[in-house]
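Chains as they are written, first to last, in the working numbering: chain A, 99 to 232; chain B, 14 to 178; chain C, -4 to 92; chain D, 427 to 923; chain E, -1 to 501.
Because the hints were derived from the structure by calculation, they are not lab data. Check each hint, because a few of them may be wrong.
[Stated by the list, open to error] Restricting the straight-line Cα-Cα distance to at most 16 angstroms, the calculated cross-link-like pairs of lysine to aspartate or glutamate (EDC-like) are: (1) A/K154 with C/D23; (2) A/K106 with C/E38; (3) C/K(-3) with A/D218; (4) E/K375 with E/D457.
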Amino acid sequence: MLEFVISKYNFWVYVILMMIGLYAMLAKRNLVKKLIGMNIFQTAIILFYVSIGVKKGPVQVPIILTEHGHVVQAIRATDYLNPLPHVLMLTAIVVSIATTGVALAVLILIYRRYQTLNEDEILALRQQRRETGA
Amino acid sequence: MLTRVYDNLIVQTVCRVMIPFIQIYALYVIAHGHYSPGGGFQGGVILTAALALIFLAYGQEPAARRMNRRQASMLCAAGVAIYAGIGLYCLLAGGNFLDYSMLAPLLHVSVPRARSLGILGVEVGVGLAVMTAMYSIILDIAGNHEDESDSDPESCSTPKPGSIS
Amino acid sequence: MKTIILIFVVLMGLFLLYGTMDMPGWGDPNSPASTWVSPRYIEQALEKTETPNLVTAVLGDYRGYDTMGETTVIFTAAIACALLLRGATGNRRKEDE
Amino acid sequence: MVQQFPALIVVIPLMAALFMVPLGYFNRRLCHPWLVLILAATSTMAVGIMGQVILHGPISYRMGGWQPPWGIEYHIDQLNALMLILISGSGLLGAVYSGPSFAREIDGRQTMASSLYLMMITGLSGIVITGDLFNVFVFLEIASLSVYGLIACGGGDAPLATFRYIIMGTIGASCYLLGVGYLYISTGSLNLMDLNRLLPELYHTRVVLTAGALMLVGISLKMALFPLHAWLPEAYYEAPSAVSGVAAPLYTKVAGYLVIRIVYNLFDFHFFTRIFPILEILSWLAIIALLVGSLYAIAQTDLKKMLCYSVIAQVGYIVLGIALANRAGFSGAILTIINEVCTKSCIFLATGAIIYRVGDSRIVNLGSLFRRMPITMLAFTVGVFSMIGIPPTLGFFSKLYLIFACLEAGRWSFIAALLLSTILNVVYFFRVIRVACFEDPRPDYQRTEPYPEVAVEEAPLLMLLPVVAAAGAIILTGLGSHWIFLNLIRPIIPAGF
Amino acid sequence: MLEHLLLQTILIPALAAPVIILTRRAVGRKAAWFARLGLSYSTLLLLFACLELARTGAPLLESHAFAGPEITFNLLGDGLSLPVALIINLLCLALSFYADHYIDHRIEAIYGEVDEHTAIYHYTRFYALFLLFPTGFMGVCFAANLIGIYFFLEILPLPLYFIMAMFGYIDRVRVAMICLMWAVFGAGFFLVGSIIVYYASGSFAVAGIQALAGSPAATWAIAMFLVTILAKMAMVPFQVWMPWVHAEHPTCIAGLLAVYANVAVYVMLRLIIIPLPADFQIFSTPLMIIALVTMVYGALLTLGQTDIKRFAACSTISQLAYSMLGVCSMTTAGIEGGMFFFLAHIMGKTIIFSTAGIIVYTTGIRDMRQLGGLARKMPLTTALWIIGALGLAGFPPMNSFPAEWIMFTGIFKAGLVGSLTKLVVAIGGAAAITLSVVYCFRSVKIIFFGPLSEQLAADSHVKDPPLSMSLPLLGVAATAILLGLWPSFILDLFHQVVGPLAF
């Protein structure tokens, strides 16, 4: 068990981080906190992916060493980190930012309409408006 | 409604000094993405940071004078269009979509070099798109929507009071 | 309610960890992720694209289509924000209900 | 040129969306014709792709000329081509419709809305055409972001509904992404065909099991399958008519398509029936969904909200077909997808036309609409018949296949549930028809909306045409259901049934 | 002209309906003539086909592709379906004339004084919907594919629903919904039954049902079909909807409603008894008991009615059970008699109901107790009602007399060679006829004889209706009498199909 924890602690970290985010998304009543939870949640996934790319040992970052356009040493796959997860995560980061941006815009609209960002207050307000409106 | 007064001399001066360096660095990050960590996205975000600094230090209007929302949207579209346009050119030249080797006859270079240049081209597109998109989002979210002198008079009717600033 | 959510979240976490039990250890150079698709990128990308930064090569060329999608995503976000916040006080439905 | 259609069908709407921004700043009136033009072109290309697939078999298209699994590959078979036709066809109807709808509901912001509309079509087409799991995620996000924006601009309580949608949608997409990550770490590949080849050796590992569950849960969230459905009704209810008229038919069905791909093409379905029997659970959830959705729909007093709950019920049909895992079930699921797209387009667009004229969609206010909007209501009735499953509409044939599937699987109780849900459908739809047909308009009804006073008469031509076209499609697909089965479904039925 | 004869009879009414809607602006009220002409034409076609069949004995077979090889649109016109279709079409034709005045009266009663444009709108709407009835009935008669029959059975409730909800009486919309729900309920079971057949035999063709013989699937399929048939026929556990529906609908479709319910007997014969006689044996006795119970129940219910429309409605319940009893007796004579009684009943019911409609139309009164002595003021109406009542009670020279005679011959035969229960049922059934005799003549006495109330005597509107209302009914009555005198025309045709079966 201990070995399992130690050899794979990257997974433990990402799971814990992800659950913090998920909890915030589901349990918090403030919409901004939910949004922050969403960011943590997405960050956890990014962490997970990036940790896939790691190789232990004498390994380079995935930039091939060149001098004046010539390769310094023979390229071996085991010498460099796996570039693919990084590529994927660059995309995922952008997606996360874009989502956050749209969510913030929506939050502004919500604030304009209800003058609050607390979900309970919003629901109460909406109920009240519905009763008076109908 | 809070009105902020943008008169902090120290901040403004530091920004004025910093911004050119930030922008140069951003261009470096984009252009040198082939050889070191970096690329269009990272460089584009740094460019946005420069614009955001202007926004923070001088306020919305001076920032919008440099680039307003309308220009930002159009440039953003242009950035994506550069990317997709390169892809489409490859398609029209007879290859598959985004097959940069089709650029080789156009540029008179070898196929691997054409691919490298193709990557550079799309990175520039990404950088432009990311910079303007982030800047546009910042203007929309953080702007107070009252000095909309730059925007389309048709599409922007009177702003609503009570928005956050 | 919060307790239920907490229990749910913990269960979800345990489920995810359960899935990781069969995964290769952290940094294992012989994991499938490091031995199937990616070696080809490392070995051939420089020759094929003249780009030493493999991340850029894969990002811009091998998976260039994903990156175009990424750029599109941020454009979409910008347009969505513009749609929502620019002149958002026009003719709105049910505004004063 | 024809062999480039797979790339163009995604890129053309994308480029058009980019061009929409300067075009709209130049003259906003040009946006609508441009939108229609582009979607007409896309529809033509979709039909072209379908023709090619039928004539020459599946198409493989390599992005950037890279060989899979290193590059991104399109692998297009009949199902992809079918989904493309549905998306671009429904998108075209919505585009024609969006002219008056946007002018009424979000006047002054047509430029951005039209641009986002094209982005939505881009995203959806991208999801259904690609053969790369991560690429699916990217396009899923394009489609989601654009629909978030389009829904939130509906005004009223739309932003709150959108925010919930964003939270749920992000959890769903992230679960999917995590599932893809689990698959990647255990195989090293992201290509669907490649994974299908690699995975069978790993079926007994815990990581693949978790990955399958995560992907299904993520897509179920996007699909609004029963316990995860809460976000959907409000979001589609608050959206502008043209948006709900396209999003409601398409989004849940594209998610249904993804479930089909995951269950049958990514994994072998035996994995889900023998090693990890999640299909059993899914089938029960589907049954609950179709009953609960119908019951909720009966409880509604607002037509548009009722339709939203009926979307949830219909998701149940699709999932049921998939989960029964036999020939008839597979065919039934695909037929239900086709039927749902046609029917929900027809009904939602007709409802939008009603709101456009009446200013309201509460059922009590729809009195004597058959008299005042005869063509719209006729098309609406055709849609209702298809929902209920009266031949010769496609709804009947899709239900028939589902019942065959239940028989083949020996699930008599499911047949009972299907018939019960049909009766519930009759109950809630005929309530609308009854009011529209036999009741007079309420004399004390006051327009509370900020709309200008308009006469309640037939909808404008641009709104009427799509509604009628969708109704025609329902009948045509119904009459051609056997052709669809022979040419589109039979070639892709997975081996092993 | 004679190619695709059966298809023509289905399509002509279906096509005439949109023509009416499209031309109503141009020709106004005359658009209804499209319906009448179309129905006349198809009636002539069917009459021709019947005569031809009687001469040659060769059934008509038409195959049309529909949705692939499984779900076809094959049509079969044999000795069973053609006469049934002929009589139904004749009734539709008669009612299309009868409805002319009546529907105007309903429009005025429901929608008040309306301008000509609105009146035409309602008027043509009625005729367009009305034409769905012949379409559906012809389809049910001729379809040789289970899905085809299902389709037409599903079509039938629609005009019923809409016409009832638009032109019916007080509680019309709610009652229309009840009717629709029962129809959907039945249709669901029918679909399940069809699917069982498909599952067991690999085809939806009616001819393929035989393949099920002897298997447990046959029993299940029969059970499913029977639920539909019992619900449609308002047999005892499912009878609740019938009095409601019959009481509230406009009387110009009353005869068709009786057909709608009674055509289930035909479906039962076609789908269950002919292909699966052995498997049906176990259902025979219980069904006969149910039929007897329904007969007695319906007759007693009728005796208790005071509402003139409910009177006719409740008698329908009782009369439907007769044909059920005959067909379930599983003897050649019983089946032929039962089917012939079906035809006799729908004709008699059309006459009675339409006459009731005339009475309501002229007097505006539905309560029989307030009527009386009308014979003096409305002699023709009285004659029509008496003819109808004779028909219901099974007196010569009406066609129900030979029908009951033959039918009970068959039923008694079944009772004598079969179990004691069947014999008891047969005796009970014969005894129950007396009940119908009683309620028929009671109604004649109450409505048309006795003292005339002052109010009615003073009302100048109370007189025989215009000829366009009574002539079609007289035509139906004449046909009924003709068939009563010459039953072999139809019975011979039936015998072509039923005779060769070994019972």
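Q. Taking each numbered hint in turn, which are not upheld by the structure, reported in ascending numerical order?
A. 2
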